[in-house]
Structure formats: C-alpha cells, structure tokens
Amino acid sequence: DTAVSQTPKYLVTQMGNDKSIKCEQNLGHDTMYWYKQDSKKFLKIMFSYNNKELIINETVPNRFSPKSPDKAHLNLHINSLELGDSAVYFCASSQAGSDGYTFGSGTRLTVV
Amino acid sequence: QQQVKQSPQSLIVQKGGISIINCAYENTAFDYFPWYQQFPGKGPALLIAIRPDVSEKKEGRFTISFNKSAKQFSLHIMDSQPGDSATYFCAASWGAQKLVFGQGTRLTINP
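The listed protein sequences correspond, in order, to chains A and B.
Just so it is clear: in the first sequence, position 60 is 198 by the numbering used here, and no numbers are missing.
Just so it is clear: in the second sequence, position 57 is 61 by the numbering used here, and no numbers are missing.
The reader is advised that the hints may include incorrect statements.
Computed footprint of chain B on chain A; a stretch qualifies when at least three of its residues, placed anywhere within it, have a C-beta under 8 Å from a C-beta of chain B [what the hints assert, rightly or not]:
hint, segment
1, 150-160
2, 240-247
Below 30 Å or equal to it, Euclidean Cα-Cα: the simulated DSBU-like pairs (lysine-lysine) are [said to hold, decoys possible]:
hint, chain 1, residue 1, chain 2, residue 2
3, A, Lys160, B, Lys46
4, B, Lys19, A, Lys179
5, A, Lys190, B, Lys46
6, B, Lys46, A, Lys179
7, B, Lys62, B, Lys9
8, A, Lys209, A, Lys174
9, A, Lys182, B, Lys75
10, A, Lys178, B, Lys46
11, A, Lys209, B, Lys62
12, B, Lys61, A, Lys190
13, B, Lys62, B, Lys72
14, B, Lys19, B, Lys62
15, A, Lys179, B, Lys9
Rather than coming from a laboratory, the hints here were simulated on the basis of the structure.
Glycine residues also receive a C-beta, built at the ideal position from the N, C-alpha and C atoms.
If we strip away everything but chain A, and leave its shape as in the complex, we get (with noise of 0.2 Å):
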C-alpha cells in the first residue's frame, strides 16, 4: 500500500486551462503539504493543511488552491494555468509534533 499517493503522475495541459492534483495518505498523519519542485530541483513548499485547516500558504499566485476535504486528502486546484507553472508537484505528510515528511512520487506538471 503506498503511504502518500498523488494523481495523476503526468499531466500535459495547454495554456489557460483548469486542472487538479489529487493526493491521499494512509499513514493517520494530520498534516499535509504541497511542495513545488522546479526545472533546477529546486523544492520549495506551496501550502500546508493541519486536520483541514490552512496552516501554511507561502508567496504563490491565487490561481493555485488547495481543499482538504479531510486530513487524509489534500487537492490542488490550478486557474489559467501558464508556461510558468511547468514544475514536479509534491504532496507530503507529517504528523504535528514529528518532524519526518513522507513524500508522494510527484505530478509532472506540463504546460504547452
């Protein structure tokens, strides 16, 4: 059984549209994030969700949404998607009080 799962693994998308990347963990953490991870590996955190609430929503344009319908999911929903949003997404889960991060396989994000 994989711990965090994220779907789908590849999405290829024109410029404009409207898209969504589903993750889930089976772990019982209460924490979750999204990571965006750039041409250059470059990892840098997007927001982060504690038992359904929004903890944590770093300098990212609001055409990016995450919904966490429970603590084991956790969505991201992208607006008019650009060029620039070309990246590997991550979604990642803790549990409040422990420090280790357990990392989904990512979404390759391509914008055309």
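With chain A held as given, fit chain B onto it using these hints.
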C-alpha cells in the same frame, strides 16, 4: 534567514570513495536537520536526521556531522556505491514547522 545553502551542486565520486555534501544555515531557531535522498521519478525520502544537541549521527554508511557554532552540517557517505547515485537534499525546520530545503546535490558514483 529562511535559507539553507547547499554545496556542491554536483559531485562525482569513485566507487568505494567518500562522498561529502555540505550545508549552511542562518536561522538559529532551526532545531531539526534532515537529509533526503531522491531518485529520478520518485519523491524525496528521509535518509538520516540530526538535532542540534549532538555533533554527529551515524546510520550505516551515512553520517551527519553538525557544527552548531559554525551553523553548518554535512552528509558523509562512506564506501560510496553506484546505487547511492541520486540527488541529495539537506533541509531544516523549527518546531516541527515547514521544512526548508537546500538546492540539492546531484551525486554520481562511478563504478
């Protein structure tokens, strides 16, 4: 203050050699320093981590050395193997808050 600076950007080591990757930080509030290993097409995976109350932690062939006064920490991979070829990230956090990552080091172990 939030940054973690990692070097080198890429590293080539012969099989059996020692791989050394360095990181430096500014924020003295950081209290957790992990290293992550990432293979192509996969997410980062926790390799080893240290807290500032110890100067060294060893797990198998992997060792973290931590210098609190210099605000630096490093990863040493002893007897490096081709299977260790991956991208390595140092990171830091405080109070179990968000992890801040270094820029990554692409390690290649030549057979």
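Here's how the hints hold up against the structure:
Under a criterion of three residues with beta carbons nearer than 8 Å to beta carbons of chain B, the stated coverage of the segment 150-160 of chain A fails, only 0 such residues being counted. Under the rule that three or more residues need a Cβ within less than 8 Å of chain B, the assignment of the segment 240-247 of chain A holds, with 5 such residues. Straight-line distance between C-alpha atoms of lysine 160 (chain A) and lysine 46 (chain B) comes to about 17 Å, which keeps the hinted pair within the 30 Å bound. About 25 Å separates the Cα atoms of lysine 19 (chain B) and lysine 179 (chain A), which keeps this hinted pair within 30 Å; it holds.
At most 30 Å may separate the alpha-carbon atoms for a hinted pair to count; lysine 190 (chain A) and lysine 46 (chain B) meet this at roughly 26 Å. Between the alpha carbons of lysine 46 (chain B) and lysine 179 (chain A) the distance comes to roughly 12 Å, so the proposed pair stays at or under 30 Å and holds. Distance restraint check for lysine 62 (chain B) and lysine 9 (chain B): the Cα-Cα separation of roughly 22 Å lies within the 30 Å cut-off, and the hinted pair is therefore satisfied. For the given pair, lysine 209 (chain A) sits about 21 Å from lysine 174 (chain A) by alpha-carbon distance, which is consistent with the 30 Å threshold.
Under the criterion of a C-alpha separation no larger than 30 Å, the hint pairing lysine 182 (chain A) with lysine 75 (chain B) is consistent with the structure, at around 21 Å. For the hint pairing lysine 178 (chain A) with lysine 46 (chain B), the CA-to-CA distance comes to about 15 Å; that is within 30 Å, so the pair holds. In summary, the hint linking lysine 209 (chain A) to lysine 62 (chain B) is not supported, as the alpha carbons are separated by about 34 Å, beyond the 30 Å threshold. Restraint check: the Cα-Cα separation between lysine 61 (chain B) and lysine 190 (chain A) comes to about 35 Å, which exceeds 30 Å; the hinted pair is violated.
Distance hint between lysine 62 (chain B) and lysine 72 (chain B) is fulfilled; the C-alpha atoms sit about 17 Å from each other, no more than 30 Å. The suggested pairing of lysine 19 (chain B) with lysine 62 (chain B) holds, with an alpha-carbon distance near 20 Å, which does not exceed 30 Å. Annotation: proposed proximity of lysine 179 (chain A) to lysine 9 (chain B) holds, straight-line Cα distance about 14 Å (limit 30 Å).
Checked against the numbered hints above, the structure breaks hints 1, 11 and 12 and satisfies the rest.
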